[in-house]
Amino acid sequence: MKISVERAVLLKAVGQAQSVVERRNTIPILANVLIEAEGSTVSFRATDLDIEVVDKAPAMVERAGATTVSAVTLHEIVRKLPDGAMVQLTDDGAAGRLTVEAGRSNFSLATLPKEDFPVMASSEYSANFSAPAPVLRRLFDKSKFAISTEETRYYLNGVYMHVSDAEGGKVLRCVATDGHRLARIDADLPKGAEDMPGVIVPRKTVGELRKLLDDDDMQIAVSVSETKVRFATPDITLTSKVIDGTFPDYTRVIPMGNTKKMEVDAAEFAKAVDRVATVSSERSRAVKLALAEDKLTLSVNAPDAGAAEEELIVAYGDEGMEIGFNAKYLLEIASQVDRENAVFMFDNAGQPVLMREGNDTSAVYVVMPMRV
Amino acid sequence: MPALCRSCLTTFDEGTRCPACRSPRVLSHPELFSLSIAHMDCDAFYASVEKRDDPSLAGKPVIIGGGKRGVVSTACYVARIRGVRSAMPMFKALELCPDAVVIKPRGSHYAAVSKQIRAMMDELTPAVEPLSLDEAFLDMTGTERLHHHPPAVMLARLVKRMEDELGLTGSIGLSHNKFLAKVASDLDKPRGFSVIGKGETMDFLAGKPVRMIWGVGAAAQSSLERAGIRTFTDLLRWDKQALIERFGGMGERLWHLARGEDFRRISANAPVKSISNETTFFEDTSDPDLLDGHLWRLSEKVADRAKAKGRAGRVVTLKLKRADFKLITKRTSLHDTTQSADRIYRTARSLFDTVANKGPFRLIGVGISEITGADGADTAGDLLDPQAAQRRAAEKATDAIRAKFGDGAILKGRAIR
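Residue numbers (the numbering used here), protein chains in the order written: chain A, -7 to 364; chain B, 10 to 426.
Since the hints were derived computationally from the structure, they do not count as laboratory data.
Here are some of the chain A residues that sit facing chain B, going by a computed Cβ distance under 7 Å: (1) T144; (2) G171; (3) H172; (4) L174; (5) P240; (6) M360.
With a Cα cut of at most 27 Å, we get these calculated DSS-like pairs of lysine-lysine: (7) K316(B) x K280(A); (8) K405(B) x K280(A); (9) K339(B) x K196(A).
Ideal placement from N, C-alpha and C gives every residue a C-beta, glycine not left out.
Next up, chain B with everything else stripped away, as it sits in the complex:
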């Protein structure tokens, strides 16, 4: 059975220890050198970055997340042992782990680190599909001729480089499609490397819960449960037509997944579908000035991201969560696409005005969707808003000043409310 030493990357045929360096970190699997679809997931990425940057945090429970009202965005493995999970409300996390060091996320810093990892992945294959800052799919099919090593070796080398050069660990899932690769990367975390081969796919899935499927959340899970489907074995009992009738498009996908089939391709430039930002308040609020300040800052963030990506959106969405957790979303379609903070803000603001009396709110979010290229964005004038052109010119000047002197160099008055 083909085997690979994850410490020194030696390949050999049989054994539980590496014949070259005697390391026990040996990976062996009958299909090890023929599989080529991989998923790389960093281990507790934000927390690991913070720990790497500040050695005094080593061994301490570290939670990344914002404020007493916020939620845990990442918990390091020490905190996870105490039961802290991502998406858990911060107060609950602190009950479980009162001595945790809570750190506010440093988004742009993580993005920079993520870029370094991305550069390493880009050396392996042109088909890298990032899912977020800390995980990505890699299609390594056909790269063996280029690297003179099978994908498994190159992937082991990738995580080793991440450890050696960046001081960060990641886990690899290697299989024959995206679904199984993603499942695999989660099997042996942290510092894991798991393989699900074609031969064992059906045995592996048997009895596994369907919530393992990426995209099956609480809602889908409960509708599946109403149909008596909890595991992949349950799914196998359904024929394709019946699943489609009951669950629509998802039904067909489920039928294939139950058979370990997933035909989605790994696309390097998966189109961006929406750009949005939101914030949860320290205390519920219905203060119009405060909310207006948030609206502006969020609109500006969304616009900045759109401009950075060279994208523009036609639909502006406002999202509000009330104190009773009820979600309000309002959206409107513009005549032309926009990437302007001013237009996103004004549109979101007019949407907000229709629901302003429904507060207090605990969360506010702004987003754009129906994304296209920036070509032709914000070119249409508005007869009823003759100042729009001047504001647009001011925004352009602001952007130029920021590019030169930094983000804080110039702010709108309403940004400091």
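Just chain A, same shape as in the assembly:
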């Protein structure tokens, strides 16, 4: 193999691949990226056996071929090369070395045989559809904060992407929860997604997927089967196993019957929560919300450290109540609101609260209170 690639193009392609590679690896080949050159393209393939990413880039291919080399090292080299440099990759199969040349820099990297590289088995997808990048971005960005890290509830370690019924018909829905907060985000159902099986997209895949979604004009080809999910742009294909488990019935958790409505400017609310939480150093800081007519009093009482209180003007017309929350959870859901006021729907101090943006029910959040 002998190819020449422009440095910026190479950096982007290798960058995407190396982020999939696990830093601590017991299988040496998994630290490597598989480089394949043919025609006028070079592709970089990396995997952790659960996720596989293939990134294609245009290249001048002098001699077709393939080899594998440490993804992290190659990425570091390319990153440090000067902008605009032309990078030449030459594979010497006999010596087991890949030469990287750019200007006066010359590197020789150890390779492993391409035959040893585990390529993810291709599979049949039962649904194929296309969705605009901004739609997927919203679905995952607004839900991923609620993904659980608890290993014992492994079926919560991802975003549940599925087709569901909503008021206006069927929607593409993403749900994540860790038992303390829940996010449910809906989008118009893309054509072809009707028969999609519900899948739990793992946390790491959600992170990798995000890198495909920056371009507003990009259409993402999505393929889903019972066991795998694939997201593809013309250049990048991200294939991932999905979490083998049953996502719990989240619909029972969403308190649709809450009647006490509080409307507040989300940014002001978040700032106030952040301020009063300063006095407590505990990891799970409890903020008490005391509701009265058009007035919300936020307070924190940390016996060892001190106390704080702040009043906010809100729209509230029901009977007064007090309820406590983990400050971090309030901040997280408040930061999801970007256009309108945050609307909180309460029941009582022991019951979960529902939060949405204005009257928009396409993104709802649920938070479990704390006893304060």
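We have chain A already, so just place chain B on it with the hints.
Here is chain B on its own, set in the frame of chain A:
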């Protein structure tokens, strides 16, 4: 040379017998009245308590420990003469000493007796750091002005009181730091009182094995041996940097210990780092119901202890020992801290489910760590477990009933599996 009679607590200057009561139990040492760091260790504590409570056991070998699969937790001195040691498997102990009286440990009873001893120690100094039910460090520095007697006299009085009032004996180690005090208390057991002064520290340590250090177990010992270190004299040959490079944090500590230096303070309220309970089965088992019953009982014990201390933990650990002695430990971190038996059990249970097929097991244990105060424990609700709040309320009610009517007043069904 300052001397002290351990029988009548008279202090005098010279002699091998007490000038007042003619007792030969005389302690004399050049630094006797200037040293103030002590370690008190009860002699065969559990066995001594049992012998005291049941005079018919006097003179008989007594072993405290559980079941034919269990290990010896304490052996009285009669049994020790026959070779029985603590931590020895019970069957082996009974081979050595077939006529031994084996008694199941009565934990709460020993704890009550320990409290009486603790009260006596608290009269001597506010700086008492208990290591377990039957041993503690005492920092007596500066107490002479209060008691009008040097620490050595007050310590001799402490063990004398324990004998007179509680019928239990203990041994004292008196030195200038914790490490040496602990070593000293072991030198002259039982009913001992040993002193290691500053002047003799280096001579005392010379040639002594490093396994004498509290915390150097089999593993550390073998890694030290690989470095050619068996004795304190070997340690002295190493420079500090080399020890740190080879053994990390322990290296620095070893360098100081080799010079008889130990800067740890005696802290009355040494923080609890973890709370755990475990049990060894009579026969190896992989019976899920049986194991589940144990899980619950252990979780409840851990929760009870946490509640009694006003503590809560963030990490729940499950420990299993397989029939081939291979140890499996699984741990998980919770969102908030807990002291609830229900949550500890449920968390341990979900950990157990991931390894349930690896049996049969010979031991199971449950613990919590990353301990903090009970403030804020178990306050976060769980969306996916709406019954959790009710179970928590039930646990609270159960606790209240037990406080009033005793531990056996109310039990969960799974506790009797």
